[in-house]
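*Asks:* Here are the chains, one letter per residue:
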Amino acid sequence: MTQILTCNDVKVDFDGFFALKGVDLQVEQQEVRFLIGPNGAGKTTLLDVICGKTRATEGSVFFQEMEGSIHKLEEHKIALAGIARKFQAPSIFPQLTVLENLELAMKQKKTLWHMLFAKMDEPTKEKIEYTLEKINLTQERNRLAGFLAHGQKQWLEIGMQLIQDPQLLLLDEPIAGMSGQEREKTGRLIHDVSKECSVLIVEHDMEFVRNFSKQVTVMHEGKVLCEGDMNTVQNDERVIEVYLGRGKTHA
Amino acid sequence: MAKSTKISFSILFLILALAPLLMSDFRISLLAKFLCFAIIAVGISLIWGYTGILSLGHGVFFGLGAYAVGMYLKIQASPGGIPDFMQWSGVSELPLLWKPFANPVFALFMMIGVPVALAFIIGFFTFHNRIKGVYFSLISQALVVVFVTLFIGTQELTGGTNGLTNFTTGFGVYLTHPVVQKVLYYITILILLLIVLISLWLTQSRAGKLLVAIREGENRVRFLGFNPTTFKVFIYCVSAAFAGIAGGLFVLQVGMISPEMMGIIPSIEMVLWVAVGGRYSIFGAVIGAVLTNSAKTFFSESYPDMWLFLLGSLFILVVLVMPNGLVGVAQSLYAKWFRFKTSKKAGGTSYDANTNLQ
Ligand SMILES: Nc1ncnc2c1ncn2[C@@H]1O[C@H](COP(=O)(O)OP(=O)(O)O)[C@@H](O)[C@H]1O
Ligand SMILES: [Mg+2]
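Here the protein sequences come in this chain order: A and B. Going left to right, the first sequence walks through residues 1 to 251 as the UniProt record's numbering numbers them. Going left to right, the second sequence walks through residues 1 to 358 as the UniProt record's numbering numbers them.
Hints are not guaranteed to be accurate.
[Claimed, not checked] Straight-line alpha carbon distances no greater than 30 Å define the calculated DSBU-like cross-link-like pairs of lysine-lysine that follow: (1) A:K107 <-> B:K132; (2) B:K132 <-> A:K125; (3) B:K3 <-> A:K127; (4) A:K77 <-> B:K132; (5) B:K3 <-> A:K119; (6) A:K53 <-> A:K77; (7) A:K107 <-> A:K195; (8) A:K11 <-> A:K127; (9) A:K127 <-> A:K109; (10) A:K77 <-> A:K223; (11) A:K110 <-> B:K132; (12) A:K21 <-> A:K72; (13) A:K72 <-> B:K132; (14) B:K33 <-> B:K3; (15) A:K119 <-> A:K72; (16) A:K214 <-> A:K107; (17) A:K21 <-> A:K11; (18) A:K195 <-> A:K53; (19) A:K125 <-> A:K109; (20) A:K53 <-> B:K6; (21) A:K11 <-> B:K132; (22) A:K127 <-> A:K107; (23) A:K72 <-> A:K11; (24) B:K3 <-> A:K125; (25) A:K109 <-> B:K341; (26) A:K107 <-> A:K21; (27) A:K214 <-> A:K11; (28) B:K33 <-> A:K119; (29) A:K21 <-> A:K214; (30) A:K110 <-> A:K127; (31) A:K77 <-> A:K107; (32) A:K134 <-> A:K223; (33) A:K214 <-> A:K125.
For the record, the hints were derived by calculation from the structure and aren't laboratory data. Treat the numbers as computed from the prediction; the structure is a model and nothing was measured.
Generate the whole structure from the sequences, applying the supplied hints.
*Replies:* Next up, the structure:
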């Protein structure tokens, strides 16, 4: 298989504190990769580097066939290249309707000219309706996003990532605050999505990871600790020590 | 477009069109001036209400538009083509900067071109470098200080503190003639209408929704693949163009422009008009400008010393009690009434997305 994402020796220095101390990570086409690790391990920071929110102090990030490392590109250029990011806190636009949120996120020319004259034509409508159905928000399409329930906001944001047709989807704790049923549905959604793109997902919920993961990467103190399937990882002594040593049973 | 917006504007423009039948020429000329201010207010609503960028320097764009047209009128009014204040400073030939302004088409072009060019340069460097919030507001305010100082300091070029005045003719007519004034009033209404239509179209376009998105979370917009700089510079230029047009119309009707009129207090007043009317609404901006200035005229006629004090109080009142302005008050009253009606009929409440603040 070919790699879609390659991180080489990525370091992030927050004024003397290294949140990432040299991370190597490879994600393959159509892979769903889980990223776990104790709080403060640097998982969010790694996603931030990949999507351009945080600048790597050292190292490089290669994406698809793009020439050169993307870690110096502006955020919107990385997004346009096909990397979508879902943040930990829902970051939808509360004063716009569900439909308008999707209308903006949708894959399209993201230039001023196009945005001024874009029409709500049939293919656009179909695409939005298709996404609305996927994220179960068909009934809510004309509501202001700010009025949605927490779980629905999370879905709307996932929908906003999907409708961009990304090649790589970065999800940061997508099921936080969701009910059991909602978690199940989100898991299936992610599974479906992986047929069309690669997913790199940070998750705390071990049950969820066990149910939906193939490959897991464990991070600890700014480094990759080990990698493998859930069984291998769970029985790895270093992992046990990190989790038990901290007196925690969850990731 | 929301039905309420259509109805409100139809009523407003009908009243404006019929006003000359009911009001004295003096009142009409005041109203015409307020309509120029309304044009500025629409632009401020776009950049501040919709996009969330607070500019405290729109006086400069207004002033530049006014000076562009004022220079043409001044050349027209000067025998020999050399303005009186230049003759006093011993200038015997029209300065190079002034020469092209003898041409009215050029002057009208510059009325828009100069404010837009300035907004583009300032906007690009601040927004590209991600300067926002209070820092942008401070820069926009500094811009005012720079320009006012510059205009006062270059007396022989700009007329200094007195500015440009004593115009006579322009575009082949006597500006002070009552018929000309009335025609100018209707031209102002038409231009306001055009600017309102452009703005409504803009806010309803996908780009307009993106402006709201930028207001709500500029950084999130980046991760959807947009470069917010482009859109912010664009809307800054649009609002500068509106202010420039307003300045040109103002000078034609009021017959003077001076650095004081583009200073810090007028710049802040402009923001206040929009706050009073309701910054999230184009209609709110228009009535905010007209009503605040009517109040100003009323109070300055009766209690001239009180106006600034009242203005300050008004601002505090608006911020504390009605953050969405008069339009916000009207909307919440309507929503209450609507809920009251439907709860009586259907025994429940309903939610209507059209009553949101856009
Ligand atoms: N902007 C920042 N400035 C300084 N330190 C930060 C910043 N962001 C994160 N950190 C620190 O970097 C470490 C890793 O954080 P993070 O990537 O959020 O961890 P995780 O997502 O794995 O819980 C933490 O110790 C955190 O306090
Ligand atoms: Mg985190």
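*Asks:* So, for every hint listed, does it hold in this structure?
*Replies:* Here's how the hints hold up against the structure:
1. A:K107 <-> B:K132: holds, 28 Å
2. B:K132 <-> A:K125: violated, 35 Å
3. B:K3 <-> A:K127: holds, 28 Å
4. A:K77 <-> B:K132: Status holds; Cα separation ~21 Å.
5. B:K3 <-> A:K119: Holds: B:K3 and A:K119 sit about 21 Å apart, inside 30 Å.
6. A:K53 <-> A:K77: holds, 12 Å
7. A:K107 <-> A:K195: Within the cut-off at roughly 18 Å; holds.
8. A:K11 <-> A:K127: Cα-Cα ~39 Å, so violated.
9. A:K127 <-> A:K109: The given pair, whose Cα atoms are some 15 Å apart, holds under the 30 Å limit.
10. A:K77 <-> A:K223: It holds: about 27 Å lies between the C-alpha atoms, which stays within 30 Å.
11. A:K110 <-> B:K132: Since the Cα atoms of A:K110 and B:K132 sit roughly 22 Å apart, the hinted pair holds (cutoff 30 Å).
12. A:K21 <-> A:K72: holds, 18 Å
13. A:K72 <-> B:K132: holds, 22 Å
14. B:K33 <-> B:K3: Between B:K33 and B:K3 the Cα gap is close to 28 Å, so the pair holds against 30 Å.
15. A:K119 <-> A:K72: violated, 34 Å
16. A:K214 <-> A:K107: holds, 29 Å
17. A:K21 <-> A:K11: holds, 5 Å
18. A:K195 <-> A:K53: holds, 27 Å
19. A:K125 <-> A:K109: holds, 16 Å
20. A:K53 <-> B:K6: violated, 42 Å
21. A:K11 <-> B:K132: holds, 29 Å
22. A:K127 <-> A:K107: holds, 10 Å
23. A:K72 <-> A:K11: This hinted pair holds, its Cα atoms lying about 13 Å apart.
24. B:K3 <-> A:K125: The given pair, whose Cα atoms are some 23 Å apart, holds under the 30 Å limit.
25. A:K109 <-> B:K341: Since the Cα atoms of A:K109 and B:K341 sit roughly 45 Å apart, the hinted pair is violated (cutoff 30 Å).
26. A:K107 <-> A:K21: With Cα atoms ~35 Å apart, A:K107 and A:K21 exceed 30 Å; violated.
27. A:K214 <-> A:K11: holds, 26 Å
28. B:K33 <-> A:K119: violated, 37 Å
29. A:K21 <-> A:K214: holds, 26 Å
30. A:K110 <-> A:K127: holds, 17 Å
31. A:K77 <-> A:K107: With a Cα-Cα distance of about 13 Å, the restraint between A:K77 and A:K107 holds, given a limit of 30 Å.
32. A:K134 <-> A:K223: violated, 36 Å
33. A:K214 <-> A:K125: Outside the cut-off at roughly 35 Å; violated.
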